[in-house]
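If you're matching them up, the sequences are chains A and B in order.
Just so you know, the working numbering puts 73 at position 73 of the first sequence, and the rest follows in order with no gaps.
Every number in the working numbering is 1000 more than the matching position in the second sequence, counting from 1.
Hint data in this document are derived by calculation from the structure and do not stem from the laboratory.
Using N, Cα and C, we set each Cβ at its ideal position, and we do this for glycine too.
Any given hint might turn out to be false.
[To be verified] In silico EDC-like pairs for lysine to aspartate or glutamate, Cα to Cα no more than 16 Å straight-line: (1) B/LYS1076 x B/ASP1014; (2) A/LYS265 x A/ASP207; (3) B/LYS1076 x B/GLU1010; (4) A/LYS79 x B/ASP1014; (5) A/LYS157 x A/ASP203; (6) A/LYS79 x B/ASP1089; (7) A/LYS157 x B/GLU1109; (8) A/LYS157 x B/ASP1091; (9) A/LYS79 x A/ASP160; (10) A/LYS157 x B/GLU1010; (11) A/LYS265 x A/ASP203.
[Stated by the list, open to error] Here's a subset of chain B near chain A, in silico, CB distances under 7 Å, partners left out: (12) MET1001; (13) LEU1090; (14) ASP1091; (15) ALA1107; (16) GLU1109; (17) THR1115.
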Amino acid sequence: MSSQVETVFRREWGRAVAVVARLTGDLGLAEDAVQDAIAIALDRWAPGPPPSDPAGWLVAVAKNQALDRLRRESRRSRKEEEAMRILAGRDPPRPPGMIIDDRLRLIFACCHPALDPGTRVALTLRTLCGLTTAEIARAFLVSEATMAQRLVRAKRKIRDAAIPFRVPADRELPGRIGGVLRVVYLVFTEGHRSSTGPGVVRDELCDEAVRLARLLAGLCPGDPEVLGLLAMMLLTDARRPARATGDGHLVLLPDQDRGRWDHAKIGEGTQILDRALRLRRPGPYQLQAAIAACHAAATDASDTDWAQIAALYAALARCDPSPVVHANRAVAVAMAEGPAAGLAVLDELRGDNRSEGWHLLHACRADLLRRLGRTAEAGDAYRTALALDPPPAEREFLTRRLSEISR
Amino acid sequence: MRYLCLLVGEPGIDGPDPGTPEFKRMLADYGSATQAMVAAGVLVDSGPLQPASSATTVRVRGGEPLVTDGPFAELKEQIGGYYVLDCADLDEALRWAAAIPAARYGAIEIRPLMTMPGHA
């Protein structure tokens, strides 16, 4: 596959699936049809450049493929007959009012509370972001067959129970938006700290999550947590150009070249966060955005207001008492008050079953012990972290640190 | 799309006792929920069920009917009634089901009816 064509399809996959799913109400059929369209394109475009409007081409061919697939069915339900009529004709007229992106409809279907929470993220990664089942299986630490089965089951349920491809009405939106934000957040974190690809960052996932959050912010401009999530992602994503070296090694925050940060994104993120905070209803995404803003505001790593960051993490721990937040608070305390104080906070987690199997906890402990000069204990902690199968880029970093202290 | 809503009593949660004002209110809520369904044209059928102790189960094996006393499986949860609703999608079915008082005292399982080729 030419990489140019592949890039186009990575980008357009979600939109094409969303359009065909809206027209047919069948997500499985939509995916198959878009997959067919891509196969045709690869065959037809192999020697030359893609057509001038690849996105439009892909949607048109996918619609035809869906129609063909329905025609081949010998026994069709009335719903399928209806889908064929819609596919063969022009799109039904849109209701007047706000133009709602098909991807927004699709994400509300994929994040429907009638679906298993764990599967919602996987389904979103597959249908909207175009990750392969194998990649998603790797991220969820399950076999490809298991993941394939979960995805098929979820798509079948959407079809058979008629889960709608629709943005909920205003009065239902507050109850539904939280689940969608959570999924967008997880798509972003998967992109930002990739467990699936060889590289440090998966650009297309970060881009897709930011794009989805912008759509949601357009839908709910008065919801401070929607704005908070968008701000957090922009402020965090602004660091992307400095997070990896040219040959794909992870660069940690204090070592990043801050000149390479995307200052337009920082400006936009800060502005959106201010808008959210003026609504005076704080929440976990706004707190995370505020933390990212503290980092973004420091022109040099040594200027970072760690005491403020530690306070924000303490507030965040009250809404979200997870080991991840706790460990982050420990790191901030270590920066503000020294590694011994940080280690004391971190060690409150010892014996917590949820966190013992988490490689970052041990990596973080190792770093604090190293800074305290407790080299032997640091070495043990690095080895524990490495034994817990960290993603490739982090494995490489931890191995390097371990060999530095073992000298 | 038609949905079967099964009204399931959950062990440990008792509904109001007959004769209490709370019980009267529950009956009134059933009445108004059902009326609203009729008015919206979504109600296909509904009804309360006699207790599981009144159930009889039949299985045909080797051409012979085998009749046993009791429900097909002994469950802690008891099915107390059902609604069949004709709705545009699951969200609409969920809205109506949540208005059925049984949702407050137990659970309502919503099962789409399979659409057969050539039928709605």
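We went through each hint and held it up to the structure:
1. Distance restraint check for B/LYS1076 and B/ASP1014: the Cα-Cα separation of roughly 13 Å lies within the 16 Å cut-off, and the hinted pair is therefore satisfied.
2. Of the supplied pair hints, the one linking A/LYS265 and A/ASP207 holds, its CA atoms being roughly 12 Å apart against a limit of 16 Å.
3. Restraint check: the Cα-Cα separation between B/LYS1076 and B/GLU1010 comes to about 7 Å, which is no more than 16 Å; the hinted pair holds.
4. Between the alpha carbons of A/LYS79 and B/ASP1014 the distance comes to roughly 41 Å, so the proposed pair goes past 16 Å and is violated.
5. Taken as a hint, the A/LYS157 and A/ASP203 pair is broken in the structure, with Cα atoms around 31 Å apart against an allowance of 16 Å.
6. Between A/LYS79 and B/ASP1089 the alpha-carbon distance is near 12 Å, which keeps this suggested pair within the 16 Å criterion.
7. Annotation: proposed proximity of A/LYS157 to B/GLU1109 holds, straight-line Cα distance about 14 Å (limit 16 Å).
8. A distance of roughly 13 Å separates the Cα atoms of A/LYS157 and B/ASP1091; the hinted pair therefore holds under the 16 Å criterion.
9. With a C-alpha separation of about 11 Å, the suggested pairing of A/LYS79 with A/ASP160 holds against the 16 Å cut-off.
10. Taking the CA atoms of A/LYS157 and B/GLU1010, the gap is about 25 Å. The hint is violated against a cut of 16 Å.
11. Proposed proximity of A/LYS265 and A/ASP203 is supported: the alpha carbons are some 15 Å apart, at most 16 Å.
12. Using the Cβ-Cβ criterion of 7 Å, the hint placing B/MET1001 at the interface with chain A is satisfied: the shortest such distance is roughly 4 Å.
13. Contact between B/LEU1090 and chain A, as hinted, is supported at the beta carbon level, the nearest pair being about 5 Å apart and thus within 7 Å.
14. Contact between B/ASP1091 and chain A, as hinted, is supported at the beta carbon level, the nearest pair being about 5 Å apart and thus within 7 Å.
15. Checking B/ALA1107 against chain A by beta carbon gives a least distance of about 14 Å; that is not within 7 Å, so the hint is violated.
16. Evaluation of the B/GLU1109 hint against chain A yields a violated restraint, the C-beta minimum of about 12 Å exceeding 7 Å.
17. A hinted interface residue such as B/THR1115 counts as satisfied when its beta carbon comes closer than 7 Å to some beta carbon of chain A; here the least separation is about 4 Å, so the hint holds.
Of the numbered hints given earlier, the model fails hints 4, 5, 10, 15 and 16; all others are met.
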